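**Student:** From first to last, the protein sequence lines are chains A and B.
Everything in the first sequence is counted per my numbering, starting at 786 for the first residue and increasing by one.
Everything in the second sequence is counted per my numbering, starting at 14 for the first residue and increasing by one.
Think of the hints as simulated: they come from the structure by calculation, not from any bench.
Fair warning: there could be bad hints in the mix.
Pairs of lysine-lysine residues, derived as BS3-like cross-links and limited to a Cα-Cα distance of at most 30 Å, are as follows [said to hold, decoys possible]:
| # | chain 1 | residue 1 | chain 2 | residue 2 |
| --- | --- | --- | --- | --- |
| 1 | A | LYS1054 | B | LYS121 |
| 2 | A | LYS792 | B | LYS118 |
| 3 | A | LYS787 | A | LYS1102 |
| 4 | B | LYS67 | A | LYS1069 |
| 5 | A | LYS1074 | B | LYS85 |
| 6 | A | LYS1074 | B | LYS118 |
| 7 | A | LYS1069 | B | LYS121 |
Fair warning: this is a prediction, and the values are worked out from it, not measured in the lab.
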Amino acid sequence: MKSYFGKYGGMFVPETLVPALQELEAAYSKYSIGKEFQDEFANYLTNYAGRETPLYYAKSLSDKCSGAKIYLKREDLLHTGAHKINNALGQALLAKKMGKKRLIAETGAGQHGVATATVAALFGMECIIYMGETDVQRQAPNVYRMKLLGATVNVVSSGSKTLKDAINEALRDYAANFQNTHYLIGSALGPHPYPTMVRDFQKIIGVEARKQILEAERQLPDMLVACVGGGSNSIGLFHPFLQDNIEMVGVEAGGNGKLHAARLCGDGKPGVLHGMMSYLLQDKYGQIKDTYSISAGLDYPAVGPEHSALKEKRMVKYTAVQDEDALKAFHLLSSSEGIIPALESAHAVAYAIEAAKHLGKGKIILVNLSGRGDKDIEHVQRLESNNIIKVK
Amino acid sequence: MHIFKDKNAAFLPYICCGDPSADFTVKLAKTLVNAGADAIELGIPFSDPIADGKTIQSASLRALENGIIPPKALEVLDRIRKEGVKIPIIIMTYYNIILANGGTKFLKNAKIAGANAVIVPDVPLEESDSLEEMCRNNELGLVRMVSISSDEKRLKAISKKADCFVYVVAELGTTGARENVNDNAIALVKRAKSLFYVPVVIGFGISKPEHVTTFIKAGADGIIVGSAIIDIYSKYISGEKTKTINEKSALEEMEKFAKAMKNACMR
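Using the sequences and the hints given, assemble the complete structure.
**Tutor:** Here's what the structure looks like:
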């Protein structure tokens, strides 16, 4: 199995973890191609998670833009509320085959933590979730959901107290406990084989979307849009379209303009963090920078290595949307379609709204609505009622 | 390395450069040398040290807050040399620090400042070609690590690349002082002794002279002590934003501890 995407990827971990990752790679190679595993995975995706998800033509939103047609891939309708469950089911099944009794995971927005806690409950495994202190505060409902599902939530107070630090802690736990523990990484990042494995578990998004748009419109879309935190929902959507020569746009967090998490379209530089070579937000001496975004799921200083390779090959365009525009899209999609998007996904919606105006009539934009906004409601309400952010 | 030539085991303390100040690091190095250290592992702090436990994480953070950028860390190394410290100094840092600060150019400057070798915990055998070349070009040793989880095949592959000494990681997980020595670590020291031509040095978790005695009985040629050293001097650090340290007391206690550890290295 290839461990690099061009120059990016690899397995930059302490020696202790190399045998653990090699064991994981071997198990993944062995089981994932087998019919038994694929059937079991497909069964859980359909009957437990709720696939396939609809591809919905957002007519009212499109009309408001008076331009291109906007289609939404409704990953928000999945069990637990986001695309994260696809990967969590895949990895948990694999962990079970490997005889692991304990699942650990990092989480930013809490969606991946909830997905992991959910599959741990489903398969009767012990579950520990690492979550940064800042994220625990802004995603309180998800913390309770994880506990309700039987998981232990370990609050991480080191460094920037967000996703980056939660990953550090999870990697440390994994190194100490890999003999009975699987580290269920939530995005297409980290050391090999995670970026490949997570992408494979998320590819279903693009496979379905491609088939659905061909059925609905008898043509492929003119543009694909997805938000990019670690990059799993976007790579899941983009990957099955890579040979189609379609414009693809990955939307990063523009934050408040000054502080952000724009690694690929901003001032990120290649480096090594969390086991991989990829674009990172770092200072000139290689210390990892603090990032900021209104959405916890995009608030991360590195990005999955396949995105770094796609950027350099110019196969995907990376851009950023700021908090305020994401919030406007959050409101607009809610009021025009009755769909409350996750703040992460709202970044993609915000870009699509502008792109629809520019592309004009007769064009088709397909947006991955990666998650629902229930988890964000309290946070947004607090920001708005305290006038921290005002949507004009 | 010549430090392994006599019959006694070598004592290699780890210190975190710039914690809580550059001045203290220089004094600490001298104190450790006077107490009998055979080499010093000098940590250049990184914001995200995944191989390290709480103690070294906190030390790294204090050093970073104190403004120890990598070029300054090399200045500290240079100062330690100018103070007359002659024993080998091995730089311990993470790969991103080397890459972001110029790669081979950074290692060249490290060599000029007085480094003899480097340890980079997040670069395992499979990813080490480029780092190995950079080290070779600058006549710096590249210390390899082996773990309890490394099987026979990996140990043999790593032994072919071994340079200076092999760093046996005594614990799964991270650095940090432990109460007891684990049996797997003792077994690994013995395996490494039979497979490696270079000296076998053990680190992670070692905090007491009894630990040292146990590992030396198992055949270790040297011991690395890091977190236990930081645990001792950090008790004397105070202050919220700007950290100060009661140097006299910290160094006195350090000297006592280092002497006891060195004494346990005697055969």
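**Student:** Between the alpha carbons of B:LYS67 and A:LYS1069, is the straight-line distance 30 Å or under?
**Tutor:** holds, 26 Å
**Student:** Hey, A:LYS1074 versus B:LYS118, does the alpha-carbon distance stay inside 30 Å?
**Tutor:** holds, 23 Å
**Student:** Check whether the Cα positions of A:LYS787 and A:LYS1102 lie no farther apart than 30 Å.
**Tutor:** This hinted pair holds, its Cα atoms lying about 24 Å apart.
**Student:** Is A:LYS792 close enough to B:LYS118, meaning Cα to Cα at most 30 Å?
**Tutor:** The given pair, whose Cα atoms are some 21 Å apart, holds under the 30 Å limit.
**Student:** Does the alpha-carbon distance linking A:LYS1069 and B:LYS121 stay inside the 30 Å limit?
**Tutor:** holds, 18 Å
**Student:** Does A:LYS1054 pair with B:LYS121 here, judged by a C-alpha cut-off of 30 Å?
**Tutor:** Distance ~22 Å between A:LYS1054 and B:LYS121 Cα, so the pair holds.
**Student:** Starting from A:LYS1074, check that the Cα of B:LYS85 is at most 30 Å away, please.
**Tutor:** Distance ~19 Å between A:LYS1074 and B:LYS85 Cα, so the pair holds.
When each numbered hint is compared with the structure, no violation occurs for any of them.
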